[in-house]
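Undergrad: Input sequences plus hints: build the corresponding full structure.
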Amino acid sequence: MLPATYYVGLSAILFIIGVVGVITRRNAIIIFMSIELMLNSANLAFVAFARVHEAMSGQVFVFFVLAVAAAEVAVGLALMVSIFHTKHSIDVDNISSLKG
Amino acid sequence: MTLELILFIILALVAVAAALGMVLSRNTVYSALFLILNFVTVAVFYLMLNAAFLAMAQITVYAGAIMVLFLFVIMLLGAERIPGEDKLPWQKPLAVFLGFVLLVETGYILISRSGILPPAPTAGEGFGSPEAIGMVLFNQYLLPFEVTSIVLLVAMIGAVILSRRVK
Amino acid sequence: MFLSEAATGGPQFFYLAPWIVIFPAIGLLINLIFGSRFSEKVIGAIASTASGLAFGVAVLLGVSLVGHPEGEIVSLIDWITIGALQVRWAFQVDTLSVVMMLVVSGVGTLIHIYSIGYMHEDVRHNGDPGRYRRFFIYLNLFIAMMMILVGSNNYMMLFVGWEGVGLCSYLLIGFWYDKGKDGIGNALAAKKAFIVNRVGDFGFLLAAFTMFWAFRTFDFQEVFAKAPEVAAAAPGMILAITLFMLLGVTGKSAQLPLYVWLPDAMAGPTPVSALIHAATMVTAGVYLVARSAELYVLVPQAQMWVSLVGGITALFAATIAVAQFDIKKVLAYSTISQLGFMVAAVGMGAFAAGMFHLVTHAFFKALLFLSAGSVIQGVERGEHHVDHDAKLHKLLKGSGHHFDPQDMRNMGGLRSRMKTTFVVYLIGALALAGIVPLAGFWSKDEILAEASLLNPTVYWLLTIAAFFTAFYMGRQIIMVFFGKPRSAPAEYAQESPPVMTVPLMVLAALSVLGGALNLPGMHTFTGWLEHTLTFIHPGEFNLVVAGVSTGLALLAIILAWLLYSRRYQALQALPTAKRPDDPLRPILGPIFTLLENKYKVDEIYDALIVKPYAALSAFLADVIDWKFWHDWFHDKIIAGGFQLLTRVLSVQVDLGFIDAIGNALGKGTRAVAGRMSLLQSGYVRSYMLSVVVGLVLIVGFLLLR
Amino acid sequence: MIWEWIIKSVLLILVMLVGFAYVTLYERKVLARLQVRVGPNRAGPSGLLQPVADGIKLIFKEELIPAMADKKIFLLAPILTVVPALILLAVVPWGRSAPFFGREITLYLADINVAVLYITAIASISVYGIVLAGWSSSNKYATMGGIRSTAQMISYELALGLSFVGPILIAGTMSMLGIVDKQQEIGWFALYQPVGFLIFFIATLAETNRAPFDMPEAEQELTAGYHTEYSGMKFALFYMAEYDKMIGVSAIAATLFLGGFDGPFVNQIPWLGPLYLFIKIAFMLFLMIWVRATLPRIRYDHLMAFGWKVLLPLSLLNIMVTALVIVLVGGG
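Residue numbers (my numbering), protein chains in the order written: chain A, 1 to 100; chain B, 1 to 167; chain C, 1 to 705; chain D, 1 to 332.
Rather than coming from a laboratory, the hints here were simulated on the basis of the structure. Be careful, since some hints might not be right.
[Unchecked claim] Below 27 Å or equal to it, Euclidean Cα-Cα: the simulated DSSO-like pairs (lysine-lysine) are: (1) K8(D) - K182(D); (2) K191(C) - K611(C); (3) K99(A) - K87(B); (4) K92(B) - K87(A); (5) K611(C) - K600(C); (6) K99(A) - K87(A); (7) K99(A) - K41(C); (8) K99(A) - K92(B); (9) K61(D) - K140(D); (10) K87(A) - K140(D); (11) K484(C) - K578(C); (12) K71(D) - K140(D); (13) K419(C) - K484(C); (14) K61(D) - K72(D); (15) K181(C) - K192(C); (16) K72(D) - K57(D); (17) K87(B) - K87(A); (18) K191(C) - K41(C).
[To be verified] One-sided and incomplete, this derived list gives chain B residues near chain D with beta-carbon spacing under 10 Å: (19) T60; (20) G64; (21) M67; (22) L69; (23) L76; (24) F97.
[Said to hold, decoys possible] Label-pair restraints from in silico Cβ distances: (25) A17(B) - T223(D): 29 to 39 Å; (26) Y108(B) - Q680(C): 33 to 43 Å; (27) V147(B) - K99(A): 34 to 44 Å; (28) E146(B) - F100(D): 49 to 59 Å; (29) L665(C) - F138(B): 50 to 60 Å; (30) Y108(B) - A660(C): 50 to 60 Å.
We put the CB at the ideal spot given by N, CA and C, even for glycine.
TA: Below, the structure written as structure tokens:
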């Protein structure tokens, strides 16, 4: 197997891309997808570590992340749909009524 | 250069390119497609890491369910593009800068401490198989597993309530 | 198969012991939960079966004891474990307790069966058929509690049964709580029984506490084992325990001075009188003394007291019985008197004789009460007949006088109308009177023979009591069954159904043959009990004693016949106004009235104890509690002081000080928050940006550290 | 060894490419018989060359692309549709191993321990081609068809996936070969899982958009649904995907429930395995065509309600009962 560093490095790169996506994009759906990308990169690191340490726990954690991500997407997209119904936009900058 | 390394480099490039494409695309549908591509490549990485079950679950759940849901919502809302201009123009360069700093930092960590991770042993028989995952999941992690099922149920109910039109 | 194997030391059924409690409990639960849907027959059958199964278990235990007379302790679970106090639910299976189990469940089962018929009419006569089920639930509860009492292997568990049967007694005396004098007479009787028993129970508790102090245990074996040692160290301790226990005995077994509740307890339905207030519960005191025999034999002083109480009670109650007119009251005083015999016997140390008399008495007294019930219902049926026959009604019931179906003055001549009842009643009466060769003769004679050797005073008390016993029984038989009917209902009395008469016949047979248990010379029963009460001795048959008592009994019966048959008929010639209701009244004069009024003991108690106690209570309630404690202390001191304190706290402390701090904090927080809120721009992305800035800084810090 | 693997893969894809064409003929013939017609019989002996003629016709058709369409995705969509259909069969075994010109070759591509999951994974990504085709056409019928089919396939995928669980529980493995072995031992799972089999069959009808669940392409409402704007070879690809998927699910049904390549004497003569499987596939295909000829289309809301309120609870119940019985019997 390749050194785990490779996978962890790739995971870090994907994570940073996700972070940048969250900060720069205004489209709520893309922000959401960036978050999924970050979760996914974390999963990749989990699986890589699980392989290195030969511990199934890492893979089980990925399993949990999958399940929670699915739940998150279901609720998040439902939120987005209902926001779109009231605001007619999914630009997160338009959703700023909660400011001080 | 082994065959595995070549495969890794190609897939890593595809994955990074897909991630960048996802972030940079103007059109949300393209973003979603790039993300699917990224997920599929990650699934292949899972296969390389002896996690066949997770690879299949990754494709089924992420590509098959989550991303379909994304596409569905994008098409339903007709929100492929967002009009108007950025109200926080200074944020974009700052974000790129921060991302770069973070990259340098992690790169430094990975390079300076690469020896910290032990070399991977040969994967044991049945490592990553459904049986192995099941054994761990239903013994060690039974309570979290059940809690997850409740989380999913709550999310399902929440999604139904949220997307219901208020009369 | 079982019998032979048990006799040869084969299978033992000791482990079945808990079932003697569980079976009645199951029966009561079934009736309690599902009974409302069952018919009366089913309810009665379930209750009788439950009791019968308990009897079956008792028989199996007895069979096992034949092979293993040393018995066994069947431990169920731990009950109380507090430091030195270790109490178990455990069953003592030995020859003494199994005798009691057999009597309780055997007689109990017969009475259950009898009650199926009796209560069927009783609930209708009293106008509430819904209470049929309740009666059988109580009966089963009683059997269960009695079994706990006799089966226990320690004084605490025994006390549970002791209180449990007291509760059942209370419930069943007040079974028709809305009937009786002024509609609460029965409830008052139940209350009286409860309170008087409470005095006795207090004695029992004192005995138990003293016992724990002295022995640090309640287990029979341990107590008995330590008894000689404790007696040597502190003789007063055992005396205190036994005398306190005697107080408990006088309460439960209706001895002087706490006997007063038992006559009133006749307010309960007749099967209850038979089961609880004649055959089983009231003998618990006798059983307790026999059980604690090893303690009593250590203190002759206590033995003397016990036997004296028994002897005096026996004579005292027997004289009262002579002048009673209520058929059940006569039997009630007779019971007290007979219990006196038993208590005197076990007090003297004649434990086998006492227990023997307990067994035979259970047979014939249950028989007498049940037969009396049969008589009462027969007369009630007659009354019913008269009520519904318009012509007779007009003719006879014009006076409007309330008819009492229990008053012997209203009976007479029933022997031809209720033949079976008459025969069994006669057997019971002769057994009680002590006529050869019925059961009562053998057991009473054994007591008398022992008394003549051990305690002459008691012997004479008991002999005279025996004379009165024969006399009042003769009087009762003649008044009830002979002569002409003295009222219209008696004229139309009808025999009871077989479900009632069959148990009577069984009991009658037992009353005839019961003496065979312990015939002189054979001493089967004494030998049986010897396994448990190792120091008892078979009583010698004394021909003189037997001759004297038999002669006195016959004399008494002849006297009764002369008075109540001959003289009564002679008196009929007198005009109604001058005619005495009892031929004895003109002969004895004021003494008869005194006897009829039970020596005015209730009145004396009322004047000496109840009234002062009520006055004291009223004083405490009105003056101390209400005027002093409530009006003055609570209202003035506490409430007033509290109001003052709260005023100071609320105005000065709360408003002036604490509120000021709160307001200042609130203003300050609001001012700061107003400035801070500007940080919240409403742009999610910039929040995220700050998170990332923090992430970069933290990672950088970790790297440069 | 890798060459053997590549040869088998290519062979399998070729079988699918040619097979699809003849399944269309098979369908037309059977439909015609069921409707008391003759069916295609002009091209070649009993119409055997009809698929060839159809293919030639489609190749020479003009390729139209709508002006408003998203061109890249419009081209990508048919490919995304056909690829899953082609690789679906990779895990279905045709037999164990057989002698072939003196060397022993295995009659399956891959025996992986997550084969059944592989099927669900492939089934789940086959949605994309259709939804993207619909969306990229910029045609309201096509978009509507695409969205409908997305919802329908996601809904029925759950019941489909759950219907696999019964055989997995009984066999105790997710390997297709293991499942066939178990059936050789105790008999076809269709006997143990009649309800599961029925659920599987209904769910596959919906997954392949076959009648009576052909809502995405309901002609009366949506003209031709997601492929309204497609023509020529691109249309042919959609067509091919549908029929290849039919072959695929029939093969899977045969393997999971009808004993796979198992049959009399298959252990003595291994080459009988592919034959038995072929017969079973043909039988399953016949069932699908029969249903198409017999049942009318279901209204869309009924279809969704059926999927969520009947099929899904039923399959959950089926799993519960199966698991319970296995625990009680102690087998599996």
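Undergrad: Does each hint hold? Answer for all of them.
TA: Cross-check of the supplied hints:
1. K8(D) - K182(D): Since the Cα atoms of K8(D) and K182(D) sit roughly 25 Å apart, the hinted pair holds (cutoff 27 Å).
2. K191(C) - K611(C): OK: K191(C) and K611(C) at ~16 Å, within 27 Å.
3. K99(A) - K87(B): 15 Å, holds
4. K92(B) - K87(A): The hint holds at about 25 Å.
5. K611(C) - K600(C): 15 Å, holds
6. K99(A) - K87(A): Distance ~17 Å between K99(A) and K87(A) Cα, so the pair holds.
7. K99(A) - K41(C): Not satisfied, since the Cα-Cα distance of roughly 82 Å exceeds 27 Å.
8. K99(A) - K92(B): The hint holds at about 21 Å.
9. K61(D) - K140(D): 24 Å, holds
10. K87(A) - K140(D): 24 Å, holds
11. K484(C) - K578(C): 20 Å, holds
12. K71(D) - K140(D): 17 Å, holds
13. K419(C) - K484(C): Holds, because 15 Å separates the two Cα atoms, which is no more than 27 Å.
14. K61(D) - K72(D): Holds: K61(D) and K72(D) sit about 21 Å apart, inside 27 Å.
15. K181(C) - K192(C): 14 Å, holds
16. K72(D) - K57(D): 25 Å, holds
17. K87(B) - K87(A): 17 Å, holds
18. K191(C) - K41(C): Distance ~31 Å between K191(C) and K41(C) Cα, so the pair is violated.
19. T60: Interface hint status for T60(B): holds (5 Å vs cutoff 10 Å).
20. G64: With a minimum Cβ separation of about 2 Å from chain D (threshold 10 Å), the hint on G64(B) holds.
21. M67: 8 Å, holds
22. L69: Result: holds, 8 Å to nearest chain D Cβ.
23. L76: Holds, because the Cβ-Cβ distance from L76(B) to chain D comes to roughly 7 Å (cut-off 10 Å).
24. F97: With Cβ-Cβ at 32 Å, over 10 Å, it is violated.
25. A17(B) - T223(D): 29 to 39 Å: 38 Å, holds
26. Y108(B) - Q680(C): 33 to 43 Å: 34 Å, holds
27. V147(B) - K99(A): 34 to 44 Å: 35 Å, holds
28. E146(B) - F100(D): 49 to 59 Å: 51 Å, holds
29. L665(C) - F138(B): 50 to 60 Å: With a Cβ separation near 52 Å, L665(C) and F138(B) satisfy 50 to 60 Å, so the hint holds.
30. Y108(B) - A660(C): 50 to 60 Å: 56 Å, holds
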